[in-house]
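Visitor: Chain by chain, the residues run as shown.
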Amino acid sequence: MSRELHRFKGGVHPPEHKAESTSRPIHAAPLPKELVIPLRQHIGNPARPVVEIGARVLKGQMIAAADGYISAAVHASSSGTVTAIGLQPVPHISGLPDLCVTIETDGRDEWVVHAPLDYQAMEPSQLRMQLRDLGLAGLGGAVFPSAVKLDPGASRACPTLIINGGECEPWITCDDLLMRTHAGEILQGAAIMHHLLGSTTVLVGIEDNKPEAVAAMQAAAAGMDFAVEIVVVPARYPGGGAKQMIQVLTGQEVPSGKLPTDIGIQVFNVGTAYALARAVRHGEPLISRLVTVTGHVLRPQNFEVLIGTPMHTLITLAGERDGATGVLMGGPMMGVPVPDLTVPVVKATNCILVKSAALFPPLPKALPCIRCTRCADACPAELQPQELFRFARAGDFGRAQEYHLFDCIECGCCSYVCPSHIPLVDFYRYAKSEIWAREKDKRAADLARERHEFRQFRQEREKKEKAEKLAAKAQAARTHAALDQAQRAELAAAPAAEVTAVSDADAKKALIAAALARAQAKKPDAAPRNVDQLTPEQLRQIEEIETRRAKIRELVRKPLESEQKNP
Amino acid sequence: MPSPFILDRSSVTQVMAWVLAALLPGIATYVWLFGPGILITLSLATVTALAAEAAMLKARGYPVRPFLTDLSAIVTAWLLALSLPSLAPWWLIVTGTLFAIVVAKHLYGGLGQNIFNPAMVGYAVLIVSFPVQMTQWAGPHELTAAPLTLAQSAAVIFGGDVPRATLDAVTMATPLDALRTGLLQQLTIDEVMTHPIFGHYGGVGFEWLAGAFLLGGLLLWALRIIGWQVPLAFLAGIWLTAGFLNFFDAGRFGPPWFHLFAPSVMLGAFFIATDPVSGATTPRGKLVFGLGAGFLTMAIRTWGGFPDGVAFAILLMNLCVPLIDQYTQPRIYGGAGKEPRT
Numbered sequence: 018m019s020r021e022l023h024r025f026k027g028g029v030h031p032p033e034h035k036a037e038s039t040s041r042p043i044h045a046a047p048l049p050k051e052l053v054i055p056l057r058q059h060i061g062n063p064a065r066p067v068v069e070i071g072a073r074v075l076k077g078q079m080i081a082a083a084d085g086y087i088s089a090a091v092h093a094s095s096s097g098t099v100t101a102i103g104l105q106p107v108p109h110i111s112g113l114p115d116l117c118v119t120i121e122t123d124g125r126d127e128w129v130v131h132a133p134l135d136y137q138a139m140e141p142s143q144l145r146m147q148l149r150d151l152g153l154a155g156l157g158g159a160v161f162p163s164a165v166k167l168d169p170g171a172s173r174a175c176p177t178l179i180i181n182g183g184e185c186e187p188w189i190t191c192d193d194l195l196m197r198t199h200a201g202e203i204l205q206g207a208a209i210m211h212h213l214l215g216s217t218t219v220l221v222g223i224e225d226n227k228p229e230a231v232a233a234m235q236a237a238a239a240g241m242d243f244a245v246e247i248v249v250v251p252a253r254y255p256g257g258g259a260k261q262m263i264q265v266l267t268g269q270e271v272p273s274g275k276l277p278t279d280i281g282i283q284v285f286n287v288g289t290a291y292a293l294a295r296a297v298r299h300g301e302p303l304i305s306r307l308v309t310v311t312g313h314v315l316r317p318q319n320f321e322v323l324i325g326t327p328m329h330t331l332i333t334l335a336g337e338r339d340g341a342t343g344v345l346m347g348g349p350m351m352g353v354p355v356p357d358l359t360v361p362v363v364k365a366t367n368c369i370l371v372k373s374a375a376l377f378p379p380l381p382k383a384l385p386c387i388r389c390t391r392c393a394d395a396c397p398a399e400l401q402p403q404e405l406f407r408f409a410r411a412g413d414f415g416r417a418q419e420y421h422l423f424d425c426i427e428c429g430c431c432s433y434v435c436p437s438h439i440p441l442v443d444f445y446r447y448a449k450s451e452i453w454a455r456e457k458d459k460r461a462a463d464l465a466r467e468r469h470e471f472r473q474f475r476q477e478r479e480k481k482e483k484a485e486k487l488a489a490k491a492q493a494a495r496t497h498a499a500l501d502q503a504q505r506a507e508l509a510a511a512p513a514a515e516v517t518a519v520s521d522a523d524a525k526k527a528l529i530a531a532a533l534a535r536a537q538a539k540k541p542d543a544a545p546r547n548v549d550q551l552t553p554e555q556l557r558q559i560e561e562i563e564t565r566r567a568k569i570r571e572l573v574r575k576p577l578e579s580e581q582k583n584p
Numbered sequence: 047m048p049s050p051f052i053l054d055r056s057s058v059t060q061v062m063a064w065v066l067a068a069l070l071p072g073i074a075t076y077v078w079l080f081g082p083g084i085l086i087t088l089s090l091a092t093v094t095a096l097a098a099e100a101a102m103l104k105a106r107g108y109p110v111r112p113f114l115t116d117l118s119a120i121v122t123a124w125l126l127a128l129s130l131p132s133l134a135p136w137w138l139i140v141t142g143t144l145f146a147i148v149v150a151k152h153l154y155g156g157l158g159q160n161i162f163n164p165a166m167v168g169y170a171v172l173i174v175s176f177p178v179q180m181t182q183w184a185g186p187h188e189l190t191a192a193p194l195t196l197a198q199s200a201a202v203i204f205g206g207d208v209p210r211a212t213l214d215a216v217t218m219a220t221p222l223d224a225l226r227t228g229l230l231q232q233l234t235i236d237e238v239m240t241h242p243i244f245g246h247y248g249g250v251g252f253e254w255l256a257g258a259f260l261l262g263g264l265l266l267w268a269l270r271i272i273g274w275q276v277p278l279a280f281l282a283g284i285w286l287t288a289g290f291l292n293f294f295d296a297g298r299f300g301p302p303w304f305h306l307f308a309p310s311v312m313l314g315a316f317f318i319a320t321d322p323v324s325g326a327t328t329p330r331g332k333l334v335f336g337l338g339a340g341f342l343t344m345a346i347r348t349w350g351g352f353p354d355g356v357a358f359a360i361l362l363m364n365l366c367v368p369l370i371d372q373y374t375q376p377r378i379y380g381g382a383g384k385e386p387r388t
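Residue numbers (the numbering used here), protein chains in the order written: chain A, 18 to 584; chain B, 47 to 388.
Check the hints yourself; a few may be wrong.
Claimed, not checked - Simulated restraints, written as ranges between beta carbons of each label pair:
id: 1; chain 1: B; residue 1: Thr115; chain 2: A; residue 2: Pro32; range: 24 to 30 Å
id: 2; chain 1: B; residue 1: Pro48; chain 2: A; residue 2: His30; range: 18 to 24 Å
id: 3; chain 1: A; residue 1: Asn62; chain 2: B; residue 2: Thr59; range: 48 to 54 Å
Stated by the list, open to error - Residues from chain B shown here face chain A by an in silico Cβ test under 10 Å; the list is partial:
id: 4; residue: Trp78
id: 5; residue: Pro82
id: 6; residue: Thr327
These are computed hints drawn from the structure, not numbers from a lab. This structure is a prediction, so every number in the text was calculated from the model and none was measured. Virtual Cβ for every residue (Gly too), placed ideally from N, Cα, C.
Take the sequences, apply the hints, and build the full model.
Guide: Here's what the structure looks like:
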């Protein structure tokens, strides 16, 4: 191709390990007995369940609706009965359980009524609503709701559309296999995106280590009724990152803190384009995806998997081997560990990577930073990772932000090349989460201060108003008194007045005594303000949270393992 | 344990091992030109450095093995040994090495924490404290009697009974010393240069040693152990300053090639100024650091109290590193407030 390619700075060349899983064709994973479908499979608000326990659902039926603009619906991946809606373990970096709908499948795999969408005749906003209700989200890993990204916004057009077939992470091959086998449908998806975004240029970026995929896509592109250019880009991690792909293909950079749309570019993963084509041309919601199962298994390969299928069934299908030392969702550079293999495959699951001691030797102990700046040379965001590390470790988060901590894409290149084997990305994640936590605290404090200030203002105002009222009243009374002084004097009976005065004084004394007694009784359980209204349960929780936070802080602030003193 | 789960095969030990390997051409040339005495100096410095490193790690409560095997102490020892006169007495070598490891490295916090290059701190302490002993340089074999054998060198280094005449027959002033002395005697550069010690570019023999260090340095650059910025800027700093002075008064200032082809300059440019721990980290900062060190080296050579200034120049630039780094932060991807790249 004649397109002039550009270079992104940094990057690394880890061993690819792609051949292991590309030699076998795609297999459809069998229907599991039970599907566990999380309601939060995308960025944004989790979907709201719209089915009840005991309800029979059909394949492709919406079981949870999108909640708000940045959200996506969730669907039953097969027909069956809803047996539970509750917290279940899910594959997420936090390791926390999340709300899921459990479906006992009936084996009939019976489809809900669905029909193609006539996207060219539809109002774009209506089509986007449909896509949101069909659960479309980015399948490259970030799972951002696609309907949002397909809105060109105020600019009304997004001149450049990039379909990302980079797939730069080692081991993962699902996009490669998808391009080899479904090139036509990927480009049909691209045609729909092109239509919605009003793009003038459509580019497909594919790394040069996937020649079969390139050939298939080129063949398919020739048969398309719109101009689409298949561009082969040099394989270098993280070349499949959206920002890097944009830079390589267009020479443009996404400004710091902005989105690709701000420079008129939108990027979608090939899997997303395929899912979009299925959604529009067949009316099928996103209920399955390709998943690479590889690493320490007997038959590494790609599976077409229903969302909600437990991960261990896929490992069994690929042939479990002895000596596995753990499982990752995603690749070795950015994947997350899966501690519990009962967790389901979700929309973000592109790869299940089984580790072994041979393939993934335990990481050596970290030594101190020697400031060699190999990390800076490898950083595709062009940051100074050694400085960020120093600031994060010292707890100097302000400086870390000044050195652009939030431009870090956590690709892991710095940790990969570090000769001191420092888990640099961990330090950046820690610093980011601390900054977020502090900002949250600060917002809460600001709100409390504002409330307090308003209360003071209100009390001042009330006092003033009262005083004004009293003054007005007194004025009125004086005028009144002056007028009827003679009359009032006559009416007042001297003995009655005396009696009232005495009883008034007695009542006052009694009241003061009672108040004193109350105060005395209260004294022993006087507690600091703000916590005196809490139940013991809440107090216990607060304490737990505080100790946990202290522990985390301790853990991260602790010197690197190797620097720890001998006992 | 979060991502990434794989690592490149590099390690601190590997980096240090390559630095040591890249010094071998220089050491071989040294032996060829000045006799095998340097091997004794190197060994003594190595043993002292390892012992001091182990003792300090132990005293500070650190695990000894992982830090001792990172080879950084040996790098310090070799760099110091190669900076010392080849026939320096044993106690000079031991004192310098101890100061480098104990004070300049460990009292500043150990590997990665030292502000100053430890080898250069050791050298600076010695030249300030023992200026006389720091001049006992063997001359190149072309100009002196046959170089001392290993046994004779050992005798000199360990204070054995060596006839003064034998020693005088093999030692002589270094080219930079000769230049300095000559200029102090109000001779012009042309008159000074008639001294037999001056060769094609640098001093006789010394220029070969400089070439061997240059070769090792290029190896480190080819392996991406060091970047090009510091060495190139350092050499440019020397060349430009020397060239500027020489251009205006060739009678009082030596030619730039002579200043460039000193072993101390090549060792400094490729092995010492490139020390990542005590050097600048940003690309532009590295250029500033190198240029500054080159300029200061020439300034000290020309107007200072010592014949050579590489060590002090690098130490002074070490001092400026935080400032240099802060003001040379590069533009990042996406600009972050700065103007977008075109």
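Visitor: Determine for every hint whether it applies to the structure shown.
Guide: Against the structure, the hints:
no., hint, in the structure
1, B:Thr115 to A:Pro32: 24 to 30 Å, "holds, 26 Å"
2, B:Pro48 to A:His30: 18 to 24 Å, "holds, 22 Å"
3, A:Asn62 to B:Thr59: 48 to 54 Å, "holds, 50 Å"
4, Trp78, "violated, 32 Å"
5, Pro82, "violated, 33 Å"
6, Thr327, "holds, 5 Å"
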